[in-house]
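There are 2 protein chains.
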Amino acid sequence: MSLPPTVKSLFKLISNPPLCVNNLHGWVKSVRLLKKVAFIDLQDGTTSKPIKLVIPREANDCLKQLRTGQSLHIKKANWKQTPSREQSFELEALPQSVRIIGDVPDTYPLQKKYHSLSFLRSLPTLKHRSNYLGALLRFRSHVENSFASFFESQDFTKVSPPILTSSDCEGAGELFRVESNSKIASKELYFGKPTYLTVSTQLHLEIMAMALSRCWTLSPSFRAEESDTNRHLAEFWMLEAELCFIDDVRKLSKFTESMLKYVIRSCLQNKDSLLPAMVPQENTESLDNIAQRWEAMLLKEWPILSYTETIKLLQERHKKVAFKFPPSWGNALQTEHEKWLADSYNSPVFVVDYPRECKAFYMKQNNDDTVACFDLLVPQMGEIIGGSIREDDYERILQEMERRKMNTKDLEWYTSLRKQGSAPHGGFGLGLERFVSWMFGSQNVRDAIPFHRSADGVIDL
Amino acid sequence: MSLPPTVKSLFKLISNPPLCVNNLHGWVKSVRLLKKVAFIDLQDGTTSKPIKLVIPREANDCLKQLRTGQSLHIKKANWKQTPSREQSFELEALPQSVRIIGDVPDTYPLQKKYHSLSFLRSLPTLKHRSNYLGALLRFRSHVENSFASFFESQDFTKVSPPILTSSDCEGAGELFRVESNSKIASKELYFGKPTYLTVSTQLHLEIMAMALSRCWTLSPSFRAEESDTNRHLAEFWMLEAELCFIDDVRKLSKFTESMLKYVIRSCLQNKDSLLPAMVPQENTESLDNIAQRWEAMLLKEWPILSYTETIKLLQERHKKVAFKFPPSWGNALQTEHEKWLADSYNSPVFVVDYPRECKAFYMKQNNDDTVACFDLLVPQMGEIIGGSIREDDYERILQEMERRKMNTKDLEWYTSLRKQGSAPHGGFGLGLERFVSWMFGSQNVRDAIPFHRSADGVIDL
Numbered sequence: 306m307s308l309p310p311t312v313k314s315l316f317k318l319i320s321n322p323p324l325c326v327n328n329l330h331g332w333v334k335s336v337r338l339l340k341k342v343a344f345i346d347l348q349d350g351t352t353s354k355p356i357k358l359v360i361p362r363e364a365n366d367c368l369k370q371l372r373t374g375q376s377l378h379i380k381k382a383n384w385k386q387t388p389s390r391e392q393s394f395e396l397e398a399l400p401q402s403v404r405i406i407g408d409v410p411d412t413y414p415l416q417k418k419y420h421s422l423s424f425l426r427s428l429p430t431l432k433h434r435s436n437y438l439g440a441l442l443r444f445r446s447h448v449e450n451s452f453a454s455f456f457e458s459q460d461f462t463k464v465s466p467p468i469l470t471s472s473d474c475e476g477a478g479e480l481f482r483v484e485s486n487s488k489i490a491s492k493e494l495y496f497g498k499p500t501y502l503t504v505s506t507q508l509h510l511e512i513m514a515m516a517l518s519r520c521w522t523l524s525p526s527f528r529a530e531e532s533d534t535n536r537h538l539a540e541f542w543m544l545e546a547e548l549c550f551i552d553d554v555r556k557l558s559k560f561t562e563s564m565l566k567y568v569i570r571s572c573l574q575n576k577d578s579l580l581p582a583m584v585p586q587e588n589t590e591s592l593d594n595i596a597q598r599w600e601a602m603l604l605k606e607w608p609i610l611s612y613t614e615t616i617k618l619l620q621e622r623h624k625k626v627a628f629k630f631p632p633s634w635g636n637a638l639q640t641e642h643e644k645w646l647a648d649s650y651n652s653p654v655f656v657v658d659y660p661r662e663c664k665a666f667y668m669k670q671n672n673d674d675t676v677a678c679f680d681l682l683v684p685q686m687g688e689i690i691g692g693s694i695r696e697d698d699y700e701r702i703l704q705e706m707e708r709r710k711m712n713t714k715d716l717e718w719y720t721s722l723r724k725q726g727s728a729p730h731g732g733f734g735l736g737l738e739r740f741v742s743w744m745f746g747s748q749n750v751r752d753a754i755p756f757h758r759s760a761d762g763v764i765d766l
Numbered sequence: 306m307s308l309p310p311t312v313k314s315l316f317k318l319i320s321n322p323p324l325c326v327n328n329l330h331g332w333v334k335s336v337r338l339l340k341k342v343a344f345i346d347l348q349d350g351t352t353s354k355p356i357k358l359v360i361p362r363e364a365n366d367c368l369k370q371l372r373t374g375q376s377l378h379i380k381k382a383n384w385k386q387t388p389s390r391e392q393s394f395e396l397e398a399l400p401q402s403v404r405i406i407g408d409v410p411d412t413y414p415l416q417k418k419y420h421s422l423s424f425l426r427s428l429p430t431l432k433h434r435s436n437y438l439g440a441l442l443r444f445r446s447h448v449e450n451s452f453a454s455f456f457e458s459q460d461f462t463k464v465s466p467p468i469l470t471s472s473d474c475e476g477a478g479e480l481f482r483v484e485s486n487s488k489i490a491s492k493e494l495y496f497g498k499p500t501y502l503t504v505s506t507q508l509h510l511e512i513m514a515m516a517l518s519r520c521w522t523l524s525p526s527f528r529a530e531e532s533d534t535n536r537h538l539a540e541f542w543m544l545e546a547e548l549c550f551i552d553d554v555r556k557l558s559k560f561t562e563s564m565l566k567y568v569i570r571s572c573l574q575n576k577d578s579l580l581p582a583m584v585p586q587e588n589t590e591s592l593d594n595i596a597q598r599w600e601a602m603l604l605k606e607w608p609i610l611s612y613t614e615t616i617k618l619l620q621e622r623h624k625k626v627a628f629k630f631p632p633s634w635g636n637a638l639q640t641e642h643e644k645w646l647a648d649s650y651n652s653p654v655f656v657v658d659y660p661r662e663c664k665a666f667y668m669k670q671n672n673d674d675t676v677a678c679f680d681l682l683v684p685q686m687g688e689i690i691g692g693s694i695r696e697d698d699y700e701r702i703l704q705e706m707e708r709r710k711m712n713t714k715d716l717e718w719y720t721s722l723r724k725q726g727s728a729p730h731g732g733f734g735l736g737l738e739r740f741v742s743w744m745f746g747s748q749n750v751r752d753a754i755p756f757h758r759s760a761d762g763v764i765d766l
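So the protein lines, in turn, are chains A and B.
For the first sequence, position 364 (counting from the first letter as 1) is numbered 669 according to our numbering, and the numbering increases by one without interruption.
For the second sequence, position 392 (counting from the first letter as 1) is numbered 697 according to our numbering, and the numbering increases by one without interruption.
Be aware that one or more of the hints could be misleading.
As a list, the in silico BS3-like pairs of lysine-lysine whose alpha-carbon atoms are at most 25 Å apart [unchecked claim]:
(1) Lys418(B) / Lys498(A)
(2) Lys724(A) / Lys418(B)
(3) Lys669(A) / Lys380(B)
(4) Lys492(A) / Lys380(B)
(5) Lys492(A) / Lys498(B)
(6) Lys385(A) / Lys369(A)
(7) Lys556(A) / Lys313(B)
(8) Lys418(B) / Lys492(A)
Everything labelled a hint here was simulated from the structure, so no lab data went into it.
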């Protein structure tokens, strides 16, 4: 059983074109009726480019009824080479081969004209049909497939750690509580204890890394943050990986660089079908700029700075042009610091070895007051990956938890791994929507997920 | 930056072996000390097969300290062809090249002996290191990658519909409620209305199919069922796909057959690294049987029966050997019916066109009292995929919702798609854990997910 051709599949036939195409389907993107001929741009959402249809007109043809947004069935169309035009071929169909399957009302909002992003966002059931937001979804899909093939090539096992947990991995506290609807009134607990949506799957990944050497996941994560910005989502997808037999945070950083370069290379190779035909006027990057930015990232090694070096650079800068938050050793980097640093290098930058107090309990302690962690900071966006070597010494992780006044008994299942054929290991997490919107030159992470959930509160659908 | 070799990567070098291997890591699976030589089986979880290490013994070597479960670093080992043995090569290392990285206590439970599945399940942080449960995770990962490449080859876009929703797609009612932990006491609602974990992403997928022609997702789904059987999970992963321009449920069935055959073929090609070296004695299928079963499924066309034909077959059977539930037209098929039917064909079987009353409101109505839906039933397991052509006529879906006394206003966003360049479309859902455990010959879906969540209530970790 094979499905009928897609627009994407037709573009792949250019070097070896068929005589004709049967059973093409899609939606009218635009239509132009001349006296003797009609031109239709047909799109089907499988690629950014529409396909050009030419239809000779006959007396009393039904082509006058054609409008943007209708779905069509083209029973048969001949392939015609058009080497002098922008699209190297057209499809020619007779009017009786063209059938309108689904009509649109006169009020159909997606017309052939400029639509602002805020207008598109107000149409949650139709917005994915637009050039830009449709391309963003196809781009996200490509990026996901590309990560998957990278990890497969490196012998990582893809795993599905639990979404429902009773532990709060990061200690951040902004959790969503979950209970069976039928138990809420009775105050019984479905799972016997309070249960939450995961904020990070790392602790469970570490269990599996000790069995599989290398594992990764792409799972939804949830944060009940009150901040409502274009960089935050209450529900987002996180790519997390954990690997054994690595003890050097700079090597781990370089590994993530090779991962991202693999994905960037794949995006560059497919840019014609991935990038939209055009971009909206507001807050979006031009198409040329996107492709050049990707190329530039492939050409250089991404710098690695220590946190201590970074603070010095930020303090020098602060003397010339003041930041809102003065940089000082021992404090977390602010988004303004992160953006300035990456912008000044015009490249992704790794910052390693942050002060212990800024980071989570499970990170490998260096021989000073820092831990073997890294953040990857990128221009425009700031932090995009955070990772670390994990503390694999049982006594040291226990001491650190006690110092932080954590309940060591609750996490005994986790710390005890250090006594059971343990190995140096590390890992990282990447917020998929943030990565996708940064790569795509889009300023709002909410456009990088089909239906966003955030602190602005409304779930319409 | 490239990572050190994995055991899986070494097996790929057999046809073109290197002189030596540097920086191999893994865990001792078994160790045998003879007077002049030590044999170690080393595993690293990247493949089912361990690698054989041979170490000539020296006076005062530390090899006596070696035990099952320890993690090792082998600095350098020579590759030695052993054409007459089961494994066509061995690695030879000097004792001083071997270093124990992580020790195990005397009580380390995973020894080189037979462990029952129930014993392994009682060790949630260690069980993934076992032959069988480790292989099950690698198998799941392979299956996921294989589905992804199938959908990519068919121009489907991978999408991430929301996990948090305010609608109950199936109307089944066994929902988990979600609220921000900080709002629970105040009785405010984080999202402004009651919010639940999704039971199916289908309605959102339909929106995206109307933009992308073909889309699919692999997302966690949640059912707060009270039934606690080895076929049910409260948290499971569901593969769902939705495609436009299809109006025939038999064609949709055949499309899912080609999808599953693609995945089965890929499993068969990789069976040596995917299947465990051996299977536990209890309730699991032999390795030969698994591979033969996969082969047999590729060789034949899977039958399609109508529900009405199926009821007749079941009633004939019922006269000879009674079912617990007598089969009769108008009632849902019971698991015992489904299993008997697939077993009697010794093949996956599609059943199409169920009575309207047995199925959901959104299914395309046939011209009798049935709807254009299908279930795929497989031997041993029963239903594994459910799908349908969707009702794409606005008036008919509205009438059906009114007949069922549903609130049509709440779903206006969904039904209104039928007026906006609609197209015939259909889709299906496959429970990943059920599919994986059926393929693998495992009887308990809880082993097909790394940490299960179910109505038995306990979340230990």
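The hints, checked one at a time:
1. Lys418(B) / Lys498(A): Given that 25 Å is the threshold and the Cα spacing comes to 36 Å, the pair is violated.
2. Lys724(A) / Lys418(B): Since the Cα atoms of Lys724(A) and Lys418(B) sit roughly 21 Å apart, the hinted pair holds (cutoff 25 Å).
3. Lys669(A) / Lys380(B): holds (24 Å)
4. Lys492(A) / Lys380(B): Violated - the C-alpha atoms of Lys380(B) and Lys492(A) are around 58 Å apart, more than 25 Å.
5. Lys492(A) / Lys498(B): holds (20 Å)
6. Lys385(A) / Lys369(A): holds (24 Å)
7. Lys556(A) / Lys313(B): holds (22 Å)
8. Lys418(B) / Lys492(A): Violated - the C-alpha atoms of Lys492(A) and Lys418(B) are around 45 Å apart, more than 25 Å.
The earlier numbered hints that this structure contradicts are 1, 4, 8.
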